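J.: This is what each chain is made of:
2 protein chains.
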Amino acid sequence: MPNLRGNLLIGQSGGPTPVINASLAGVLSEAKKMPEIEKIYGMKNGIDGALKKEVYDLTQEPDDLVNRLLYTPASALGSCRHKLSKNEEYEQLLELFRANNIRYFVYIGGNDSMDTCHKISMLALERNYDMLVIGVPKTIDNDLPITDHCPGFGSAARFIALSTIESGRDLEAMNTFDDVAIYEIMGRHAGWLTAASALGKRCEEDAPHLVYLPERTFDEDQFLKDVKAVYDRLGYVYVAISEGVRDKEGEFIGTGDTATDAFGHKLISLGDGPAAYLAKLIMSKLGIKARVNRPGTIQRAMASLASECDVEEAFRVGKAAVKYFAEGISDVMVTLERLPLDEYKVEIGQVPLSKVANVEKFMPDNFINAEGNFVTKEFYDYCLPLIGDAVPDYARLTKKSIILK
Amino acid sequence: MPNLRGNLLIGQSGGPTPVINASLAGVLSEAKKMPEIEKIYGMKNGIDGALKKEVYDLTQEPDDLVNRLLYTPASALGSCRHKLSKNEEYEQLLELFRANNIRYFVYIGGNDSMDTCHKISMLALERNYDMLVIGVPKTIDNDLPITDHCPGFGSAARFIALSTIESGRDLEAMNTFDDVAIYEIMGRHAGWLTAASALGKRCEEDAPHLVYLPERTFDEDQFLKDVKAVYDRLGYVYVAISEGVRDKEGEFIGTGDTATDAFGHKLISLGDGPAAYLAKLIMSKLGIKARVNRPGTIQRAMASLASECDVEEAFRVGKAAVKYFAEGISDVMVTLERLPLDEYKVEIGQVPLSKVANVEKFMPDNFINAEGNFVTKEFYDYCLPLIGDAVPDYARLTKKSIILK
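Protein chains in written order, with this note's numbering: chain A, 1212 to 1616; chain B, 1212 to 1616.
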């Protein structure tokens, strides 16, 4: 099917990242060079917009848009969380493609979005509609399979690493006043981002001291023992915990008495959740003061601390999608393949969408310590290159305190 | 009293900032050059350490400490919250000074710390003990009087400005899913830091849309009307709110049913507070989905986003303290005086400690709009120079969306 002349439709989906616009920039810059592509349409709010036929004509935008998208956080086209299901939705989309000669389809997103992407690819195939479909990976959760890592993760990981080590110094300085800080980090099913909290740590005093991931069953008694042990040793404890930790019954921690409002929305995200619950537990069971850091969506938005490596890779996977179109490739997601070298280097690859749609990648056992409360050296080796510039080596006094006369 | 030969004792107090160590670096670099100063002792955890006679001998530290302190967050000496009150504490301090020939005393801190500093200055005077005492301003709250602004504020304000505009883009992109975000910002009595959330805003769509400060009485009904009005106009609402807003009875918002634990600690800081309370209110009264961003101590720790202007000024006020010692000046706090020029420029000044001890500076009326829900152009003029580099002008599509066939 190469040399198919027509229009390109692109969308961004799911939770934003600091670099999802860099992937859009990559697609734009390359698509403008491909003679077969006429118009470039951007779906307003992902597949939601496509269903309403509402798009931006990106061919009409100024040339400097590509460069400015490289440092602009969140999704410039708008995003959505929409799972294609109904038959009439497929008909609507096919009608849109036919009526507007859409021959190239790019969807930038995570697991669910790759499912959408694959469904659309299958639809076109079944109905004999010639269209090439490519998925571009994006998620701060880093939970897409096959690809070494996901664009968006490195930048969010950089913010988490820096904010942990820096607010850890705050806790350490204030340890005559506050004793425990609990940092609640995004990633409901996979612990990659929570694990990244450890990347700035250089010595025992540095934060975090304990890291709890959804890949391990959370046990309250063991947690309290862990906290007490660090407290007895250092006098303060910095805990990084995933929002998605669960007990042995599979229940999320801290949601026991969660109410829903009149509209059926769960109230869990509004001040409850594991960090607040566990801070209260520490105060009541151990009598130690505890506080909570819960930056919410700031974690996935901080473009001003983006990893340069991540920005560049997000741009590359966007460009690669269009290069695959030129080769007639379809129904794949672009991947990053790490080369087995001493120096960090990645090459672009591809994987059939069917192998990534709805599949989650969890942290492997060798990235988590035996106690299930910290990461291993193997995780550092894997993750450090992804956050770009090294975390600064902050000053510590080298001599111990003395007692004056 | 100039040319007093002896040792210098320095401490850091109160909540840390990203640049309080830069002020320590300023004192160190200048004190090393002053021949009358022999040893430089750093109190471990502020006045708490002085009372225990526990100090660091900073004269023994490597020379590169000064440079490394310039980018190191929180308080390298450790901090405390201790209000001097008991008579025996004064006796202990005087004994420490005499026994160790402490002739120079520097305390880096906020309102309470300046009170401590002034008390110590008075004590030495009353007891005829020759010692020069200088306060160095520090607080992310920016609430010290007389000085144009406080070192530490600019860097925290930079983080707040960037994280607001960037997570605002996230909300805007996700407005088919989330509708309201509430950012709870530090500053229990003064709204300076909450106001800084507006510094990156360039257009109506940019966050924040509403800003609530402790300087104005908070009215729930008016708040819901404000939120609804923005929601009807844009489809999403980003609210920045101070942790310290109060209703007309003077009660903090969202603490109605606050419990205390077995140790008497208030549980308010653990998931309740105004943002979570108001998010629930919006969901139940307006039926609009709302979420909370509450980064806690991260707000005062992010050295990796420090304002260069702030780092430089924090260093300068530290150096100025020692220069005042050389002139025999005592019982003052160093100040920053803004020159009435088009270009931003500050000079170093001084104010008697008695005029700043325990005095708080609130936002003036002309920095807050008539509705009490946003800041004015005058505030931008005052505050923008303090955060250093301008907030990036993030990309927006220039053309409106279209409906395809």
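Don't read these hints as lab results, they were simulated from the structure.
Just to be clear, a hint being listed does not mean it is correct.
Just so you know, same-sequence chains aren't split out, so a pair can sit in one copy or run between any two.
What the hints assert, rightly or not - With a cut-off of at most 27 Å between alpha-carbon atoms, the simulated DSS-like pairs for lysine-lysine come out as follows: (1) LYS1610 - LYS1263; (2) LYS1263 - LYS1459; (3) LYS1264 - LYS1500; (4) LYS1330 - LYS1264; (5) LYS1610 - LYS1244; (6) LYS1244 - LYS1297; (7) LYS1264 - LYS1611; (8) LYS1611 - LYS1294; (9) LYS1566 - LYS1250; (10) LYS1250 - LYS1610; (11) LYS1556 - LYS1439; (12) LYS1572 - LYS1459; (13) LYS1436 - LYS1330.
Please read these numbers as outputs of a predicted model, since none were measured by experiment.
J.: Within a copy, between copies, both or neither: where do LYS1263 and LYS1459 come within 27 Å Cα-Cα?
T.: neither (44 Å within a copy, 47 Å between copies)
J.: At 27 Å max between alpha carbons, let me know whether LYS1330 reaches LYS1264 within a copy, between copies, both or neither.
T.: So LYS1330 and LYS1264 pass the 27 Å test inside one copy only (18 Å; across, 71 Å).
J.: When Cα atoms must be at most 27 Å apart, do LYS1610 and LYS1244 count as within-copy, between-copy, both, or neither?
T.: between (61 Å within a copy, 22 Å between copies)
J.: Could you place LYS1244 and LYS1297 in one of the four classes (within, between, both, neither) given a Cα distance threshold of 27 Å?
T.: neither (36 Å within a copy, 77 Å between copies)
J.: Go through the copies and call it for LYS1556 and LYS1439: within, between, both or neither, with a Cα cutoff of 27 Å.
T.: neither (42 Å within a copy, 50 Å between copies)
J.: At most 27 Å between CA atoms: does that hold for LYS1610 and LYS1263 within a copy, between copies, both, or neither?
T.: between (66 Å within a copy, 18 Å between copies)
J.: At most 27 Å between C-alpha atoms: does LYS1436 with LYS1330 qualify within a copy, between copies, both, or neither?
T.: Neither. Shortest intra-copy (48 Å) and inter-copy (43 Å) distances fail the 27 Å Cα cut-off.
J.: At 27 Å max between alpha carbons, let me know whether LYS1250 reaches LYS1610 within a copy, between copies, both or neither.
T.: Answer is between; shortest inter-copy Cα gap is 14 Å, intra-copy 66 Å.
J.: Between LYS1611 and LYS1294, at a C-alpha cutoff of 27 Å, which is it: within one copy, between copies, both, or neither?
T.: between (59 Å within a copy, 26 Å between copies)
J.: For LYS1264 vs LYS1500, is the C-alpha pair at or below 27 Å within one copy, between two copies, both, or neither?
T.: between (54 Å within a copy, 26 Å between copies)
J.: Evaluate LYS1572 and LYS1459 at a C-alpha cut-off of 27 Å and name the case that applies: within, between, both or neither.
T.: within (21 Å within a copy, 52 Å between copies)
J.: Given a CA cutoff of 27 Å, do LYS1264 and LYS1611 count as a within-copy pair, a between-copy pair, both, or neither?
T.: between (67 Å within a copy, 14 Å between copies)
The structure does not agree with the numbered hints 2, 6, 9, 11, 13 stated previously, though it agrees with the rest.
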